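Asker: Which chain is which? The protein sequence lines are A, B and C, in order. Residue numbers 1 to 348, in the numbering used here, belong to the letters of the first sequence in order. Residue numbers 1001 to 1348, in the numbering used here, belong to the letters of the second sequence in order. Residue numbers 2001 to 2348, in the numbering used here, belong to the letters of the third sequence in order.
In case anyone wonders, no lab produced these hints; they're calculated from the structure. This one's a predicted model, so the numbers in the text were calculated from it and none came from an experiment. Take these hints with a grain of salt, some might be off.
Cut-off 20 Å, straight-line C-alpha distance, at most; resulting in silico cross-link-like pairs (SDA-like, lysine to any residue) [as the list claims (entries may be wrong)]:
{"id": "1", "chain 1": "B", "residue 1": "Lys-1331", "chain 2": "A", "residue 2": "Glu-335"}
{"id": "2", "chain 1": "B", "residue 1": "Lys-1229", "chain 2": "A", "residue 2": "Ser-194"}
{"id": "3", "chain 1": "C", "residue 1": "Lys-2347", "chain 2": "B", "residue 2": "Asp-1146"}
{"id": "4", "chain 1": "C", "residue 1": "Lys-2090", "chain 2": "B", "residue 2": "Asp-1146"}
{"id": "5", "chain 1": "B", "residue 1": "Lys-1197", "chain 2": "C", "residue 2": "Tyr-2091"}
A short list of chain B residues far from chain A (calculated; beta carbon distances all over 10 Å) [claimed, not checked]:
{"id": "6", "residue": "Ala-1134"}
{"id": "7", "residue": "Gln-1190"}
{"id": "8", "residue": "Lys-1263"}
DEER-style ranges, computed between Cβ atoms [stated by the list, open to error]:
{"id": "9", "chain 1": "C", "residue 1": "Asp-2021", "chain 2": "B", "residue 2": "Asn-1147", "range": "45 to 51 Å"}
{"id": "10", "chain 1": "B", "residue 1": "Ser-1089", "chain 2": "C", "residue 2": "Leu-2010", "range": "57 to 63 Å"}
{"id": "11", "chain 1": "C", "residue 1": "Ala-2006", "chain 2": "B", "residue 2": "Ala-1191", "range": "55 to 61 Å"}
{"id": "12", "chain 1": "A", "residue 1": "Gln-98", "chain 2": "B", "residue 2": "Asn-1019", "range": "55 to 61 Å"}
{"id": "13", "chain 1": "B", "residue 1": "Lys-1045", "chain 2": "C", "residue 2": "Ala-2191", "range": "35 to 41 Å"}
{"id": "14", "chain 1": "C", "residue 1": "Met-2001", "chain 2": "B", "residue 2": "Ser-1089", "range": "44 to 50 Å"}
{"id": "15", "chain 1": "C", "residue 1": "Ser-2297", "chain 2": "B", "residue 2": "Ser-1315", "range": "32 to 38 Å"}
{"id": "16", "chain 1": "A", "residue 1": "Pro-35", "chain 2": "C", "residue 2": "Glu-2093", "range": "41 to 47 Å"}
{"id": "17", "chain 1": "A", "residue 1": "Gln-98", "chain 2": "C", "residue 2": "Ser-2315", "range": "53 to 59 Å"}
{"id": "18", "chain 1": "A", "residue 1": "Ala-96", "chain 2": "B", "residue 2": "Ser-1089", "range": "38 to 44 Å"}
{"id": "19", "chain 1": "B", "residue 1": "Gln-1104", "chain 2": "C", "residue 2": "Asn-2129", "range": "29 to 35 Å"}
Every residue, glycine too, gets a C-beta built ideally from N, C-alpha and C.
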Amino acid sequence: MQFTAAQISLIIQGKIEGNADAAVDSFGKIEEAKPNQLTFLANPKYEEFLYSTNASIVILNEAYELKEPIAPTLIRVPDAYSAFALLLSKYQEMAAQQMKGIQQPSYIPDSAEIGENVFIGAFAYFGQNVKVGANTKIYPNAFIGDNVQIGDNCVIHPGVKIYYGCILRNNVVIHAGTVIGSDGFGFAPQADGSYKKVPQIGNVVVEDGVEIGANTTIDRATIGSTIIKAGAKLDNLIQIAHNVEVGNNTVIAAQAGVSGSTKIGDNVMIGGQAGLVGHIQIADGSRINAQSGVSKSLKTPGTTVTGSPAHDYSSVLRSQAVFRNLPNLEKRIYELEELVKQLMAEKV
Amino acid sequence: MQFTAAQISLIIQGKIEGNADAAVDSFGKIEEAKPNQLTFLANPKYEEFLYSTNASIVILNEAYELKEPIAPTLIRVPDAYSAFALLLSKYQEMAAQQMKGIQQPSYIPDSAEIGENVFIGAFAYFGQNVKVGANTKIYPNAFIGDNVQIGDNCVIHPGVKIYYGCILRNNVVIHAGTVIGSDGFGFAPQADGSYKKVPQIGNVVVEDGVEIGANTTIDRATIGSTIIKAGAKLDNLIQIAHNVEVGNNTVIAAQAGVSGSTKIGDNVMIGGQAGLVGHIQIADGSRINAQSGVSKSLKTPGTTVTGSPAHDYSSVLRSQAVFRNLPNLEKRIYELEELVKQLMAEKV
Amino acid sequence: MQFTAAQISLIIQGKIEGNADAAVDSFGKIEEAKPNQLTFLANPKYEEFLYSTNASIVILNEAYELKEPIAPTLIRVPDAYSAFALLLSKYQEMAAQQMKGIQQPSYIPDSAEIGENVFIGAFAYFGQNVKVGANTKIYPNAFIGDNVQIGDNCVIHPGVKIYYGCILRNNVVIHAGTVIGSDGFGFAPQADGSYKKVPQIGNVVVEDGVEIGANTTIDRATIGSTIIKAGAKLDNLIQIAHNVEVGNNTVIAAQAGVSGSTKIGDNVMIGGQAGLVGHIQIADGSRINAQSGVSKSLKTPGTTVTGSPAHDYSSVLRSQAVFRNLPNLEKRIYELEELVKQLMAEKV
Chain A
1 MQFTAAQISL
11 IIQGKIEGNA
21 DAAVDSFGKI
31 EEAKPNQLTF
41 LANPKYEEFL
51 YSTNASIVIL
61 NEAYELKEPI
71 APTLIRVPDA
81 YSAFALLLSK
91 YQEMAAQQMK
101 GIQQPSYIPD
111 SAEIGENVFI
121 GAFAYFGQNV
131 KVGANTKIYP
141 NAFIGDNVQI
151 GDNCVIHPGV
161 KIYYGCILRN
171 NVVIHAGTVI
181 GSDGFGFAPQ
191 ADGSYKKVPQ
201 IGNVVVEDGV
211 EIGANTTIDR
221 ATIGSTIIKA
231 GAKLDNLIQI
241 AHNVEVGNNT
251 VIAAQAGVSG
261 STKIGDNVMI
271 GGQAGLVGHI
281 QIADGSRINA
291 QSGVSKSLKT
301 PGTTVTGSPA
311 HDYSSVLRSQ
321 AVFRNLPNLE
331 KRIYELEELV
341 KQLMAEKV
Chain B
1001 MQFTAAQISL
1011 IIQGKIEGNA
1021 DAAVDSFGKI
1031 EEAKPNQLTF
1041 LANPKYEEFL
1051 YSTNASIVIL
1061 NEAYELKEPI
1071 APTLIRVPDA
1081 YSAFALLLSK
1091 YQEMAAQQMK
1101 GIQQPSYIPD
1111 SAEIGENVFI
1121 GAFAYFGQNV
1131 KVGANTKIYP
1141 NAFIGDNVQI
1151 GDNCVIHPGV
1161 KIYYGCILRN
1171 NVVIHAGTVI
1181 GSDGFGFAPQ
1191 ADGSYKKVPQ
1201 IGNVVVEDGV
1211 EIGANTTIDR
1221 ATIGSTIIKA
1231 GAKLDNLIQI
1241 AHNVEVGNNT
1251 VIAAQAGVSG
1261 STKIGDNVMI
1271 GGQAGLVGHI
1281 QIADGSRINA
1291 QSGVSKSLKT
1301 PGTTVTGSPA
1311 HDYSSVLRSQ
1321 AVFRNLPNLE
1331 KRIYELEELV
1341 KQLMAEKV
Chain C
2001 MQFTAAQISL
2011 IIQGKIEGNA
2021 DAAVDSFGKI
2031 EEAKPNQLTF
2041 LANPKYEEFL
2051 YSTNASIVIL
2061 NEAYELKEPI
2071 APTLIRVPDA
2081 YSAFALLLSK
2091 YQEMAAQQMK
2101 GIQQPSYIPD
2111 SAEIGENVFI
2121 GAFAYFGQNV
2131 KVGANTKIYP
2141 NAFIGDNVQI
2151 GDNCVIHPGV
2161 KIYYGCILRN
2171 NVVIHAGTVI
2181 GSDGFGFAPQ
2191 ADGSYKKVPQ
2201 IGNVVVEDGV
2211 EIGANTTIDR
2221 ATIGSTIIKA
2231 GAKLDNLIQI
2241 AHNVEVGNNT
2251 VIAAQAGVSG
2261 STKIGDNVMI
2271 GGQAGLVGHI
2281 QIADGSRINA
2291 QSGVSKSLKT
2301 PGTTVTGSPA
2311 HDYSSVLRSQ
2321 AVFRNLPNLE
2331 KRIYELEELV
2341 KQLMAEKV
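The following block holds chain A by itself, in its conformation from the complex:
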């Protein structure tokens, strides 16, 4: 698809300086953009590239004053970054709306209920009684188990596997390779040292507007539901164990792990590679720093913790500062001991 400066200006409500017929077919960074690409300047750090860029169109802040004439067509807006982001998001919407229909071969039993404008890619597999809402896109090689329900406007990327009975509400995005509803890790130790599987017959419920990254795993509940609440955002390679609840608008960075039955409140932020033990509660608005190991409930909303085991951020920071100085501290203790020994000896 090609767009002219005039067309773009209409979408982002900008003012054109230069050739309104200049046309672009893709996007580029200002320092790398080629002819027929669109770019923007928002960060003053990149100002110099404005005068050397090969882009055909540049989105620019109204307030910016040109230091010399430049070749590309300019589109002036109050905030170049926001305008650019808006444009990208419109562009992706348009591209997605063009995806429609069911590619062959795919495996879709008659019992499936499929809404309007749905796309289903080749080699996608549906179990029995699957429901898919309107405008949802299911990419190739996805597996959708028996009785799974997927709402409207969802995007299921290639190779996602959703086990039987799981529920995705509307506007959910799941990236490639992620597994929803695998068995929780439940095994009862036997007298002979072996383990017996505890059946995992709950499901996973993913609420409105949740986005989940690639190759993440979310286990089904032993009984009841593992729940990812509305607006939560999960990154790649995250482990969510059985019966966990992740609160509304909570954000979890890559490679973090949450053990069984832990309940995470709303608007919590969890850093990359952090780990949470099972059966604890995390209060609303908590912040858990990267690589932390949280072994106890966080009861006060808005607390920040760090370290493994995790404690109050500022106190850990002070301890870490002293930690780096430990060999020196030990030396000071030794010197004190020598002096005190001397004083004690002289006392006699």
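Since the structure of chain A is provided, determine the placement of chains B and C on it from the hints.
Answerer: What follows is chains B and C alone, placed relative to chain A:
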């Protein structure tokens, strides 16, 4: 499938109180169950819900005395939780036995040897000379490489990839997205700073009764076998490197990683996100806590370690307690120095 | 395939002792090898097995003096290990060259440009305008998005997903289940506590000779490219966030994670489960030990860091030694306090 109280009672050898014809078609937690669902009460904490539940049937301990009459049919057993778990496991067995036959399109060369009652889902791929034992279920989109052998009663969930030459014995369960037999990470440094691949031509052997979670990776041996011994249970997103051995009935929690050639004994427990360096031995019955970093062999059976680097659990716990107090310790040393300086000065 | 000692000797330029017609069809470790298998002895630790091995052919160092006559045919070379590795690598090349053609069903639009000697497995999916170079192998169930370019001599293992617009140069190997080009984790916080997705419209570029392990995730850039430079080697379950650059011949071990926009230099080594925050620079030749948490740029080439937060390796080692001794240190401080109290009291 629908079951009456009479049918269920027969399976769990219980005693019915109320309508023996009450019927259920699914399971629910006592506080959430709907009509036509079965639930149970085991934990006294949930007692209040017994009197408000909408479930049609409740499994209840014999010893429990009702405080007021209730609507659902009761099935009395010595231990409600065990009875419920037994029921779930029978239910899942029944559901699995109904899966049979080979769905199309799948890709199965004539060289495949396939046992009785096997299920193979659509878009599953077999290389040459694959053997699959009786009653094994291979879900859609699975990849089974050349010369792979899979025993009886195994379950290979959707999108599992098993590279050429790997061996799974009987009663093995592999969850979705897991990769068995990818190349070990072996590269020989060259004089110019580049790396040359060391061919990885061993395989992976997964013994009887092993269960492996979702999106875990188990690399093939450089030469010989990476071995997961009988009864071991591995969670999601675990990394097992080339030539590792995991002992019988050893349990590894999510996101743990084991480096090359490390040998883990029997009945070991490894916590989530723990890491083990290569070429070490872990004695039988060791416990490695979550997020530990094990850099040396654990030679004494039954030892518990924690921390990174990992050391004896109770000693690390004591050090961690002092760590939290480090700023105060530093202050005490400073005060001592001031006092001793004063004493030394007065001495003169 | 079967090979005689004579044929093998030709490839590794060795000297035969014994029956030149002895034939083998596979490889084994010296202590486990069966008749018709080839093995080697390089490590003197395994010397005893030379005299009991069932292998039909053994590759042996020229310098080694036999202590008694043995049954297998010997092939003498200057360095048995290198000769064996060379042989394996030739063997795997031969096996790969036999894979050719496009299996059905696969989904390949007419817009695809496919080079000579390419293999494409069943259930592989191509979007529009995909380019694949000569001799590249794409295994079953792989997903190759719109406008993806893959060079010559690449191997794309089963179930790999490459999102639209990503570029793989020549001699790239990607192991099973890995995701290339999933959306970067970019969400702008809104006034009401919710998050709005920042469109991710860049791509991923994987340069010549890169090998990437299984179930790793590499996110596309927000704008521009996430780049894995020539010769880099990435293990399994690694997270590479948007706009990261990994330098030439840099090696990253399993389960490590790199946050957004971090630039890693050439010849860096990153240990397993290490984590790097976003927007930092890692100088050429840096070594980041396993489980480290790197929160600041490493500016001096060749530095080794460890710990979380990561600092200079040898200083952290000294602090860790004292850490283990902290309870004792606290006791010494207490004793000093008691003595000084006594001295102060007596002073009066």
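Asker: To test your reading of the hints: which numbers does this structure violate?
Answerer: 3, 9 and 11
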